[in-house]
Every structure is written in structure tokens, then in C-alpha cells.
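> The residues making up each chain are set out below.
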Amino acid sequence: MDGTPARIPVALPLDRAVAKRLRAGDLVSLTGVVYTARDAAHRRLVEGLDRGEAPPFPIDGQTIYYVGPCPAPPGRPVGSAGPTTSGRMDRYAPRLLRLGLVGMIGKGKRSEEVRQAVVEAGAVYFGATGGAGALIAACVASAEVVAYEDLGTEAVRRLVVKDFPAVVLIDAEGSDLYGIGRERYRRDR
Amino acid sequence: MREIDVGIVRRTVARLCIEANTVLPDDVRAALAAAAETEESPYGRAVLAELVENADLARRTGMAMCQDTGMAVVFLTVGQDVRFTGGSLAEAVDAGVADGYREGFLRASVVSDPLLRTNTGDNTPAVLHVEIVPGDRAEVVVAPKGFGSENMSALRLLSPSEGVEGVKRFVLDTVSAAGPNPCPPVVIGIGLGGTMEKAALLAKRALLQPVGSRNPAPHLAALEAELLEAVNRLGIGPAGLGGRTTALALRIEAYPTHIASLPVALNMGCHATRHAAATL
Numbered sequence: 009m010d011g012t013p014a015r016i017p018v019a020l021p022l023d024r025a026v027a028k029r030l031r032a033g034d035l036v037s038l039t040g041v042v043y044t045a046r047d048a049a050h051r052r053l054v055e056g057l058d059r060g061e062a063p064p065f066p067i068d069g070q071t072i073y074y075v076g077p078c079p080a081p082p083g084r085p086v087g088s089a090g091p092t093t094s095g096r097m098d099r100y101a102p103r104l105l106r107l108g109l110v111g112m113i114g115k116g117k118r119s120e121e122v123r124q125a126v127v128e129a130g131a132v133y134f135g136a137t138g139g140a141g142a143l144i145a146a147c148v149a150s151a152e153v154v155a156y157e158d159l160g161t162e163a164v165r166r167l168v169v170k171d172f173p174a175v176v177l178i179d180a181e182g183s184d185l186y187g188i189g190r191e192r193y194r195r196d197r
Numbered sequence: 005m006r007e008i009d010v011g012i013v014r015r016t017v018a019r020l021c022i023e024a025n026t027v028l029p030d031d032v033r034a035a036l037a038a039a040a041e042t043e044e045s046p047y048g049r050a051v052l053a054e055l056v057e058n059a060d061l062a063r064r065t066g067m068a069m070c071q072d073t074g075m076a077v078v079f080l081t082v083g084q085d086v087r088f089t090g091g092s093l094a095e096a097v098d099a100g101v102a103d104g105y106r107e108g109f110l111r112a113s114v115v116s117d118p119l120l121r122t123n124t125g126d127n128t129p130a131v132l133h134v135e136i137v138p139g140d141r142a143e144v145v146v147a148p149k150g151f152g153s154e155n156m157s158a159l160r161l162l163s164p165s166e167g168v169e170g171v172k173r174f175v176l177d178t179v180s181a182a183g184p185n186p187c188p189p190v191v192i193g194i195g196l197g198g199t200m201e202k203a204a205l206l207a208k209r210a211l212l213q214p215v216g217s218r219n220p221a222p223h224l225a226a227l228e229a230e231l232l233e234a235v236n237r238l239g240i241g242p243a244g245l246g247g248r249t250t251a252l253a254l255r256i257e258a259y260p261t262h263i264a265s266l267p268v269a270l271n272m273g274c275h276a277t278r279h280a281a282a283t284l
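Just so you know, the protein sequences line up as chains A and B, in that order. Convert by adding 8 to the 1-based position in the first sequence; the result is the number in the numbering used here. Convert by adding 4 to the 1-based position in the second sequence; the result is the number in the numbering used here.
Just to be clear, a hint being listed does not mean it is correct.
Derived coverage of chain A by chain B (criterion: at least 3 residues anywhere in the stretch with Cβ under 8 Å from a Cβ of chain B; other residues may be distant) [said to hold, decoys possible]:
1. 21-30
2. 73-79
3. 88-98
4. 103-117
5. 120-134
6. 159-170
Computed footprint of chain A on chain B, listed as stretches where at least three residues anywhere in the stretch have a Cβ under 8 Å from a Cβ of chain A [unchecked claim]:
7. 28-39
8. 66-74
9. 121-127
10. 232-240
11. 243-255
12. 271-281
Just so you know, these hints were derived from the structure itself, not from any lab. The beta carbon of each residue, even a glycine, is placed where N, CA and C say it ideally should be.
Isolated chain A (complex conformation) (with noise of 0.2 Å):
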């Protein structure tokens, strides 16, 4: 792709160090485990986290994925399967960064709020693109719910993933992809 940098491989559970490394814009191509919760999942983690209770997967060190799959057809090991508005989850994102997740993926805009905990956590905000669900089931080898069962699509699955195409949107530094690319190509001023 003339202009587009080559995608730099990176291994999930994300390492810290290559985290910090990551810059906003960077095209990577993510290799290893991530956890999806959705809405329901996230409420349903932080009233337990309210109560005390310990999180049911995972969270320091890991990476979770916005998503809510469709059924798996025969063979596979979910349907389609491309990233959810990731807005709906900024009220829970900087309580999970400050219990260790280093990692989210999902698509559009966060808030002042989670743009800052990323940093302070050292953090990395992906984005997978949004509508291409087919493409990225292509890219899942597993999936087996972890948690909430109940909550068919928004229950917690531990997927291992393979090449998955992503971009850094936010990085450790705080830099957003979204306002770098939007101020280099508008042209309504």
C-alpha cells in the first residue's frame, strides 16, 4: 500500500514495553488472546467489582475486544465478528485500565477521560474496522465463553486471534489517530 506503512506484528497478551512503543497511527497486526465484553458484560463486571467480587477473566495485562459475535455457523468458531461502538464503554474503560488492562479494540471516538487513563496506564486503544465482520471472523482460530454465558452475544469469550488487522487510535503518549486524520484532509474551513 504506497504511503501506508507495513503492519509491525504484535503478540498478545500485549508485553508492556511494546505498548509504550506503539504510536498512534501504526498498522499492526495483533497474534494471541483478547477477551470481548460489550455493554452488558462491562456493567455486569463493574457491579461485581462494586460488590467486591473478583473479575470472572482476566483483566491485568490483557486486552479486550468490543465485540458481539454472531452465532458460529458449522465449522467455525464464531460468525462475524468486527468491532462495536467503543463510546458505550468509556464510563468502565478507566476503572479496567487502572486494573491492569493495557489493551482495547473497537471502533470510534473515547473520551477526555479514557484518553488520559490510557496514558497514565500505559495503554493502547486499537481499532479494527468497522463493518468488515467477515473478514476479521476470518482471523478468530478459537473462541469459548469464559463468562456470563446468559448474555448470549455480550457474554465473555476468550478468542485467540491470528494476524487480525488493527490501527493504533490511541497511544501511550495519548495521541489520537482520529483527530491527526481528520485535520490533515478536511477541507470545510
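Following the hints, put chain B in place on chain A, whose structure we already have.
Structure of chain B alone, referenced to chain A:
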């Protein structure tokens, strides 16, 4: 009087749910492929190429192109000389949605109560719009609506004095505020006029129009072209990573309105502005 068994409606709705979620309409695919050639941003070109590849993979494998297989919006345009037999029409539509989502491995994304939020498990009920027209045919359109884009939609009841400038400002402010969230490149439906709910329905119907088509009224066609160009100057670009392709299409549907108001609704559609139709 022509009789149509509701079992046919059920089977048709089921088939269209699967088709709409796995086959990107040709006009949308062509628009994505064309934009992949002209987009200035390298990130944007990469995203557009991914979306074309994704659509082709979905069509080939029968996997949904997007995991948000939507809430099923069903438009039934029924000739007044049609009589439905064999049961409830609305129940047949819902049964068709349940069949289609189960058979197509499509996601159940509907909760039974907006506050209590328990998943209904089969993506029912549909949002059903029925219109009665002359004739003895029935047209079924299934338009599964994803909510990444639906959530970025908006409605305003402008004052007539705000005029076309008020409409333009509303559209650009809404698209600008949405930024990357609705999975650009987007398809934008605008409803002008009517009442509050009529404007929203016009905007939804505008999303069903073919990419590149224009409103037959010259002043609305000109406004569509002007607004599409203005939206594409915002710099949001494919996936919001910056670029020139923020919207693939923008369509306006209009209706007479009250002397006191200028209703305007914007329904945001993602690149997968899916719909499939059949005539019974």
C-alpha cells in the same frame, strides 16, 4: 381480491433477512470500489479495499458482512386488493425474522424492554411499516438496521425562518459530531417535512434509494449534491481515519409540512446499508 397466504410472507421475510445481511447491494459495492481508487488517504484506501474484500467474502461464504445484523425493519407495501389469509400478518413477519436470523446464523440483537434489557433471543420483533396502495401485489423490503449508525441519527423541528441554511447546518453538525462512530463511509438519509414521525420515516426510506440516484425535484437534487460534497469536505474519511470519502451517498425525501415548522431528520446508515426486496 387476491389472496396471499401469510406463510409465503414468513418464508419471504426469512429469505430476505439472510440475503440482506450477506449480500451487499451491487450499487454500494461499486461505490466502495470506486472510492478505493480515488481516495487520497492511504489509510482510507486500505479501509475501502478491506470493505470490498469483506463484502466479497460474505457473499462467497454466506457469513454476515457485519456482526451487527441489525434490528429488522420491514416495509410492506400492500395493494388494497390483497387479502392475507392463514393467520396474522404481523406474526408472520416476526416468525420470518426469527427463521431468517436462526437459519442464517445472524445475531440476535433485540432486547424486550428498553430499560430491563433482556435479549429476546430471536431478533424479534421487527419494526414493521405497512402502507396501503392501489393494486393486488405486495412488496416486501427487509432493511436490517445496525445501531452503530442508528445511534448517530438525529431529528430537529426547525423554524421555517431557518430555511435551507438551517437544514444544511443541521446535516453538517450531525455528521461532524458522529465522526468515526457510524462506520464511514456512510449513506445518509434525510427526511424533510411532514410531522415529527413522518420526517424520521422519510429519512429511513431515503436510505433505501440506490447510490447515485437523485430526488426528482431539481431543488432537492441540487441540495443533495451540495450536501454530499460538503460532508466529504469534513475530512472524516473511511473508518474515520481521515480522508475524502466520508459519505457514499446522500438522499433527501420530502413531504408537505405545517406552516409553523421545518422538520428535518437525518438517518445515518453505515457502508453496509443493507436491504433486500421481493414482490408477492
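> Please check whether the stretch 103-117 of chain A has three or more residues whose CB lies within less than 8 Å of a CB on chain B.
n = 3 at 8 Å, threshold three: holds.
> Count the residues of the stretch 121-127 of chain B whose CB lies closer than 8 Å to any CB of chain A, then report whether that count reaches three.
Our answer is that it holds, as 3 residues pass the Cβ test (under 8 Å) against chain A, meeting three.
> Would you check chain B against the stretch 120-134 of chain A, counting CB to CB pairs closer than 8 Å, and say if three or more residues qualify?
violated (count 0)
> Can you tell me if the stretch 271-281 of chain B counts as covered by chain A, using C-beta to C-beta distances under 8 Å and a minimum of three residues?
holds (count 3)
> Are there three or more residues in the stretch 73-79 of chain A whose C-beta lies within less than 8 Å of some C-beta in chain B?
holds (count 5)
> If you count the residues of the stretch 21-30 of chain A with a beta-carbon closer than 8 Å to a beta-carbon of chain B, do you get 3 or more?
Since 0 is below three, the answer is violated.
> Does the stretch 159-170 of chain A contain three or more residues whose Cβ lies closer than 8 Å to a Cβ of chain B?
Coverage by chain B holds here, the residue count being 4 at a Cβ distance below 8 Å.
> Is the coverage entry for the stretch 66-74 of chain B by chain A consistent with the three-residue Cβ rule at 8 Å?
With 8 residues closer than 8 Å to chain A, the stretch 66-74 of chain B meets the three-residue bar; holds.
> Quick one: see if chain A covers the stretch 243-255 of chain B, three-plus residues with Cβ-Cβ under 8 Å.
holds (count 6)
> The stretch 88-98 of chain A covered by chain B? Criterion: 3 or more residues, Cβ-Cβ distance below 8 Å.
Since three or more residues must qualify, the claim that chain B covers the stretch 88-98 of chain A holds, with 6 doing so at under 8 Å.
> Please check whether the stretch 28-39 of chain B has three or more residues whose CB lies within less than 8 Å of a CB on chain A.
Violated: only 0 residues of the stretch 28-39 of chain B have a Cβ under 8 Å from chain A.
> Taking a Cβ-Cβ distance under 8 Å as contact, does the stretch 232-240 of chain B have three or more residues in contact with chain A?
holds (count 5)
Checked against the numbered hints listed earlier, the structure breaks hints 1, 5, 7; every other hint is satisfied.
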